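Novice: Residues per chain are reported as follows:
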Amino acid sequence: MSDIRSVPNSILEIKDLVVKYSTRSGDLTAVRGVNLSVAKGETQGIVGESGCGKSTLAFAIMGYLDRNGRIDSGQILLDGEDISDKPESWMRNIWGNELNIVYQDPSAALNPSIKIGKQIGEVLETHEGLSEKQARENTIDMLRELQISDPEIVVDSYPHELSGGMRQRVCLAMALVSHPKLLIMDEPTTNLDVTVEAKILDIIKDLKEEFDTTIIYITHDLGVVYEVSDRSGVMYAGKFVEEGPTDELIDEPIHPYTRGLLRTVPEVSAETRKGKLRPIEGSVVELGNLPEGCKFNPRCPYKQEGCTGTEPDFSEVTEDHYARCYETEQVLSQEYDRESASSEDFYEKDEEAERKTILQAENVKKYFGESGGGLFDLGEEDERVRAVDGVDLKLNEGNTLGVVGESGCGKSTLARTIIGLEDITDGQIKLEDKDISVPIEGRDRETLQQIRIVFQDPRATLNPKRTIKQTIMRPIRLAGATHEEARDKTRELLEAVDLGSGYMDRHPDQLSGGQKQRVAIARAFASQPELILSDEPTSSLDVSIQSSIINLLLDLQDDLDTSFLYISHNLAVVSYISDYMAVMYLGRLAEVGPTEDILKPPYHPYTEALLSSVSVPDPDVDQKRIRLSGSVPSARNVPSGCRFHTRCPRKVGEICENEKPPRRVDEEEEHVIHCHIPLEELREVKPVLQK
Amino acid sequence: MESLLRRARNAVQVLKRLSNSKLGLIGMSIIFVWVVVALLGPIIAPYSPTSYHPQDRFEGPSLKYPFGTDRYGRDMFSRVIMGSRSVLLLASSATLMALILGSSIGLITGYLGGIVDEVVMRFMDILMSFPALLFAMLILGIFGPSTFGVIVVIGLVYTPRIARVARSAVLEVKEKEFIEAAKVRGESNLYIMFVELLPNIWGPLGVEASVRFGYAIFLSASLGFLGLGVQPPTPDWGLLMKEAQSYMSWAPWMSIFPALAIASLVVAVNFLADAIRKYEAGEL
Numbered sequence: 001m002s003d004i005r006s007v008p009n010s011i012l013e014i015k016d017l018v019v020k021y022s023t024r025s026g027d028l029t030a031v032r033g034v035n036l037s038v039a040k041g042e043t044q045g046i047v048g049e050s051g052c053g054k055s056t057l058a059f060a061i062m063g064y065l066d067r068n069g070r071i072d073s074g075q076i077l078l079d080g081e082d083i084s085d086k087p088e089s090w091m092r093n094i095w096g097n098e099l100n101i102v103y104q105d106p107s108a109a110l111n112p113s114i115k116i117g118k119q120i121g122e123v124l125e126t127h128e129g130l131s132e133k134q135a136r137e138n139t140i141d142m143l144r145e146l147q148i149s150d151p152e153i154v155v156d157s158y159p160h161e162l163s164g165g166m167r168q169r170v171c172l173a174m175a176l177v178s179h180p181k182l183l184i185m186d187e188p189t190t191n192l193d194v195t196v197e198a199k200i201l202d203i204i205k206d207l208k209e210e211f212d213t214t215i216i217y218i219t220h221d222l223g224v225v226y227e228v229s230d231r232s233g234v235m236y237a238g239k240f241v242e243e244g245p246t247d248e249l250i251d252e253p254i255h256p257y258t259r260g261l262l263r264t265v266p267e268v269s270a271e272t273r274k275g276k277l278r279p280i281e282g283s284v285v286e287l288g289n290l291p292e293g294c295k296f297n298p299r300c301p302y303k304q305e306g307c308t309g310t311e312p313d314f315s316e317v318t319e320d321h322y323a324r325c326y327e328t329e330q331v332l333s334q335e336y337d338r339e340s341a342s343s344e345d346f347y348e349k350d351e352e353a354e355r356k357t358i359l360q361a362e363n364v365k366k367y368f369g370e371s372g373g374g375l376f377d378l379g380e381e382d383e384r385v386r387a388v389d390g391v392d393l394k395l396n397e398g399n400t401l402g403v404v405g406e407s408g409c410g411k412s413t414l415a416r417t418i419i420g421l422e423d424i425t426d427g428q429i430k431l432e433d434k435d436i437s438v439p440i441e442g443r444d445r446e447t448l449q450q451i452r453i454v455f456q457d458p459r460a461t462l463n464p465k466r467t468i469k470q471t472i473m474r475p476i477r478l479a480g481a482t483h484e485e486a487r488d489k490t491r492e493l494l495e496a497v498d499l500g501s502g503y504m505d506r507h508p509d510q511l512s513g514g515q516k517q518r519v520a521i522a523r524a525f526a527s528q529p530e531l532i533l534s535d536e537p538t539s540s541l542d543v544s545i546q547s548s549i550i551n552l553l554l555d556l557q558d559d560l561d562t563s564f565l566y567i568s569h570n571l572a573v574v575s576y577i578s579d580y581m582a583v584m585y586l587g588r589l590a591e592v593g594p595t596e597d598i599l600k601p602p603y604h605p606y607t608e609a610l611l612s613s614v615s616v617p618d619p620d621v622d623q624k625r626i627r628l629s630g631s632v633p634s635a636r637n638v639p640s641g642c643r644f645h646t647r648c649p650r651k652v653g654e655i656c657e658n659e660k661p662p663r664r665v666d667e668e669e670e671h672v673i674h675c676h677i678p679l680e681e682l683r684e685v686k687p688v689l690q691k
Numbered sequence: 692m693e694s695l696l697r698r699a700r701n702a703v704q705v706l707k708r709l710s711n712s713k714l715g716l717i718g719m720s721i722i723f724v725w726v727v728v729a730l731l732g733p734i735i736a737p738y739s740p741t742s743y744h745p746q747d748r749f750e751g752p753s754l755k756y757p758f759g760t761d762r763y764g765r766d767m768f769s770r771v772i773m774g775s776r777s778v779l780l781l782a783s784s785a786t787l788m789a790l791i792l793g794s795s796i797g798l799i800t801g802y803l804g805g806i807v808d809e810v811v812m813r814f815m816d817i818l819m820s821f822p823a824l825l826f827a828m829l830i831l832g833i834f835g836p837s838t839f840g841v842i843v844v845i846g847l848v849y850t851p852r853i854a855r856v857a858r859s860a861v862l863e864v865k866e867k868e869f870i871e872a873a874k875v876r877g878e879s880n881l882y883i884m885f886v887e888l889l890p891n892i893w894g895p896l897g898v899e900a901s902v903r904f905g906y907a908i909f910l911s912a913s914l915g916f917l918g919l920g921v922q923p924p925t926p927d928w929g930l931l932m933k934e935a936q937s938y939m940s941w942a943p944w945m946s947i948f949p950a951l952a953i954a955s956l957v958v959a960v961n962f963l964a965d966a967i968r969k970y971e972a973g974e975l
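These protein sequence lines are chains Z and W, in that order.
Residue 374 in this note's numbering sits at position 374 of the first sequence, and the numbers go up by one each step.
To convert, take the position in the second sequence, counting from 1, and add 691; that gives this note's numbering.
Derived from the structure by calculation, the hints contain no laboratory data.
A couple of the hints might just be wrong.
[Claimed, not checked] In silico DSS-like pairs for lysine-lysine, Cα to Cα no more than 25 Å straight-line:
#: 1; chain 1: Z; residue 1: 365; chain 2: W; residue 2: 874
#: 2; chain 1: Z; residue 1: 489; chain 2: W; residue 2: 874
#: 3; chain 1: W; residue 1: 865; chain 2: Z; residue 2: 430
#: 4; chain 1: Z; residue 1: 181; chain 2: Z; residue 2: 208
#: 5; chain 1: Z; residue 1: 469; chain 2: W; residue 2: 874
#: 6; chain 1: Z; residue 1: 465; chain 2: W; residue 2: 933
#: 7; chain 1: Z; residue 1: 465; chain 2: W; residue 2: 865
#: 8; chain 1: W; residue 1: 707; chain 2: Z; residue 2: 465
#: 9; chain 1: Z; residue 1: 469; chain 2: W; residue 2: 865
#: 10; chain 1: W; residue 1: 713; chain 2: Z; residue 2: 465
#: 11; chain 1: Z; residue 1: 469; chain 2: W; residue 2: 755
#: 12; chain 1: Z; residue 1: 434; chain 2: W; residue 2: 874
[To be verified] Incomplete in silico selection of chain W near chain Z, CB under 10 Å:
#: 13; residue: 867
#: 14; residue: 874
#: 15; residue: 875
#: 16; residue: 876
#: 17; residue: 885
#: 18; residue: 898
Bear in mind that the values here come from a model prediction, so they are computed numbers and not experimental data.
Ideal Cβ positions, reconstructed from N, Cα and C, are used throughout, including at glycine.
Based on the sequences and whatever the hints tell you, model everything.
Specialist: Structural data, given as structure tokens:
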């Protein structure tokens with residue numbers, strides 16, 4: 001029998017909940033028996049990877065299951081009343097009122113043709129019977145609580161007039177304005193930039209205090225759940241495998257899966273990457289194909305014989321901390337090593353000085369749109385979008401240059417310009433010694449073979465109508481191989497990315513996201529390029545798969561000495577994988593240099609803010625708290641002087657508004673910061689992250 | 692050889708799925724019957740469609756003449772059977788032509804965009820704005836009626852619609868990353884359009900083409916009715932309707948049977964088109 005936490009005044013109690021979906025191939029049980037009690041005012045985090053059932057659980061609680069989903073058995077008690085079998089007409093009274101949900105995509109949750117004030121006000125008018133005027137007042141108050149400046153203006157705006165972060169805050173306001181008993185948040189900050197996410201997490205924490213709202217917070221990000229939730233539960237294959245106070249769970253996890261998750265995520269640290277990441281063996285279990293006994297056993301390093309028998313019960317291991325595992329003693333007896341990179345398995349690198357320069361970008365500019373002077377030119381300013389506005393980069397053979405920045409910084413445009421998918425507006429790009437400052441049409445065959453790219457979305461990266469074999473053979477054939485040679489090489493490449501030759505004749509729809517991305521990597525390496533650009537290659541993959549893909553890339557780099565230009569918004573991953581890093585803001589470089597120099601003082605103020613916004617699931621880390629005001633300005637209307645001056649916490653004065661910041665060079669020409677503040681001052685700054 | 696087998700197996704799979712729809716199954720069966728009839732025409736027709744039996748003129752349906760006879764005593768049954776050939780030939784050739792021409796235009800304009808897209812699609816708009824029948828009458832009136840003329844004209848009439856469908860399908864797919872990957876490899880535009888994009892737009896094209904096929908049948912019958920298509924004495928269902936026109940009140944069998952033939956085929960094609968649409972939407 002499972003131990004169940006008893007909570008005196010629980011707002012939510014889930015008892016043995018089973019949720020099934022009916023599909024063409026039979027029933028699929030997405031939630032296989034969940035027990036949960038959440039006390040009033042508590043924030044319960046639910047963590048898991050794709051397919052674990054966390055979103056299904058959220059929808060089941062809300063009563064939002066699709067037509068083919070149903071609650072098969074179990075109860076959901078909201079403040080004592082079972083809502084699992086209530087009809088829609090009954091639920092409508094509590095939706096938007098006592099029970100609310102905030103989704104991942106605020107744009108989808110807001111009606112684009114109704115003003116914000118009206119959308120939020122509707123909740124108050126319907127459920128609390130307020131007059132229009134009163135509803136508007138309450139709305140403005142709530143927006144102000146959420147730190148939206150000028151709420152009177154926002155109330156009369158349409159969703160498209162607001163930034164992503166603002167929209168999410170509006171959704172939060174809409175969810176909170178009726179003081180719900182229970183608020184479910186399903187990955188609400190996943191789509192947001194990290195600096196915006198940090199602010200929203202702050203707001204959530206404040207609101208908890210003020211309104212005593214009970215929150216269920218669903219995410220795949222362990223750092224976020226650590227910041228926000230009092231208790232956390234880890235889901236795997238439709239059940240909780242561990243649940244307990246968040247601090248304890250993160251500090252000393254009991255279940256092997258939790259340990260695996262925490263250890264596999266790279267952490268932002270100033271220590272240069274040395275060893276390989278530790279992915280979790282195997283792949284996420286398929287609900288239609290569950291193993292006997294403990295569902296995690298095929299991937300578990302602590303597995304014993306008993307684990308394949310019957311599934312273990314949920315039991316209280318330490319006080320108020322539960323786990324579903326037979327081997328908790330064994331697990332707890334092993335010292336919990338939080339280092340994500342293993343201390344064995346190093347990558348040896350040759351001396352830096354002996355490497356040749358593969359890629360050089362000088363003052364690269366890419367503008368979109370037409371400069372003034374159109375047919376109806378009324379003497380307006382140049383309204384072009386300055387996506388990339390003067391970037392200098394250098395990348396040597398066998399190294400990885402990571403480019404980080406938030407949305408609108410121009411990193412993707414920079415990558416596309418380097419690879420030739422966009423034509424350059426100004427500046428020069430050189431591949432070894434060859435000038436390649438032209439788009440793809442203007443490049444010769446040889447050059448084209450030397451630069452390849454791995455894209456972000458595994459679902460769109462492969463032609464659905466071609467087999468894997470055809471997809472990989474094509475670039476090899478283009479490089480001059482015969483049919484037989486190409487076929488052999490294809491087999492080699494597939495093996496190199498850990499896919500057997502059985503995959504050759506399959507189509508992309510028969511592969512998982514991680515497998516598709518491996519094929520994409522194999523395809524990129526097919527012509528043996530000198531330089532591979534990766535544009536967020538792992539951001540749509542689960543955390544456990546991400547590590548194996550990163551390891552794969554680094555292994556291949558180790559073998560073939562390929563140079564990588566790695567673009568991402570994920571600071572942890574980029575700092576792990578890169579030898580050098582470039583931080584971009586609004587089309588310009590804020591800072592560039594060796595990774596270890598970027599991660600410790602002297603910092604560019606933007607880098608400092610970025611580092612302080614990342615959620616770190618490590619109780620031993622002290623993190624400075626810096627929050628940026630406002631949001632990223634539009635690239636159509638860039639601020640004068642230093643672009644960051646509108647939000648810079650270290651702004652010096654008028655000089656920042658008027659003059660472009662100088663290029664300050666630190667140590668051997670490698671570390672460059674563009675800032676008006678002198679390096680000596682920046683060096684004195686306390687580090688953002690300290691253990 | 693291997694890939695041929697695989698393709699055959701895939702085709703069988705598709706047919707099986709299509710028959711999950713009841714209407715689709717009915718449609719496919721009727722079409723199948725007509726195709727067999729058309730192929731075996733001369734063998735199953737009891738008489739030659741053009742031979743006169745002047746003593747049996749204007750006879751109603753009987754055992755000897757299941758569909759009756761016309762004003763020359765020709766057996767309507769044989770004429771309807773043989774008429775299926777011209778209908779199927781005309782309509783399928785025309786649809787094929789529209790498919791080839793339309794998808795090429797759609798691929799090129801959709802992928803290249805820019806001024807090519809603007810200019811060509813405006814031509815397509817102009818072409819589409821002509822009422823089909825009027826346009827056909829105009830062209831065939833100028834160049835004289837002929838089988839080939841009918842095929843070309845019907846093909847031209849339906850090319851713009853297919854082009855539009857192809858173009859919008861291309862627009863959906865062309866921004867996808869595997870197309871960018873092809874560009875990065877330096878693939879030529881022709882390769883990208885016809886090797887990477889085309890296989891991904893079969894779905895909507897197939898749906899549209901099957902619908903057009905139904906229209907093409909009807910249009911070719913209409914042209915036959917107006918005397919602009921196949922010339923007598925070759926039996927064409929439309930032509931049969933024309934010949935039956937003056938005798939509708941007292942020899943109705945001359946018009947009923949060709950009409951039923953046309954209707955059955957068009958309805959069957961529409962059922963099939965609907966099944967294809969459902970298949971593409973994943974509902975089968």
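Novice: So, for every hint listed, does it hold in this structure?
Specialist: We went through each hint and held it up to the structure:
1. 365/Z <-> 874/W: OK: residue 365/Z and residue 874/W at ~22 Å, within 25 Å.
2. 489/Z <-> 874/W: 22 Å, holds
3. 865/W <-> 430/Z: 29 Å, violated
4. 181/Z <-> 208/Z: OK: residue 181/Z and residue 208/Z at ~12 Å, within 25 Å.
5. 469/Z <-> 874/W: 19 Å, holds
6. 465/Z <-> 933/W: With a Cα-Cα distance of about 48 Å, the restraint between residue 465/Z and residue 933/W is violated, given a limit of 25 Å.
7. 465/Z <-> 865/W: 14 Å, holds
8. 707/W <-> 465/Z: 20 Å, holds
9. 469/Z <-> 865/W: 22 Å, holds
10. 713/W <-> 465/Z: With Cα atoms ~29 Å apart, residue 713/W and residue 465/Z exceed 25 Å; violated.
11. 469/Z <-> 755/W: 63 Å, violated
12. 434/Z <-> 874/W: 20 Å, holds
13. 867: 4 Å, holds
14. 874: Since chain Z brings a Cβ to about 6 Å from residue 874/W, closer than 10 Å, the hint holds.
15. 875: 6 Å, holds
16. 876: 6 Å, holds
17. 885: 12 Å, violated
18. 898: Where the cut-off is 10 Å and the nearest Cβ of chain Z is about 17 Å from residue 898/W, the hint is violated.
Consistency note: the structure conflicts with the earlier hints numbered 3, 6, 10, 11, 17 and 18.
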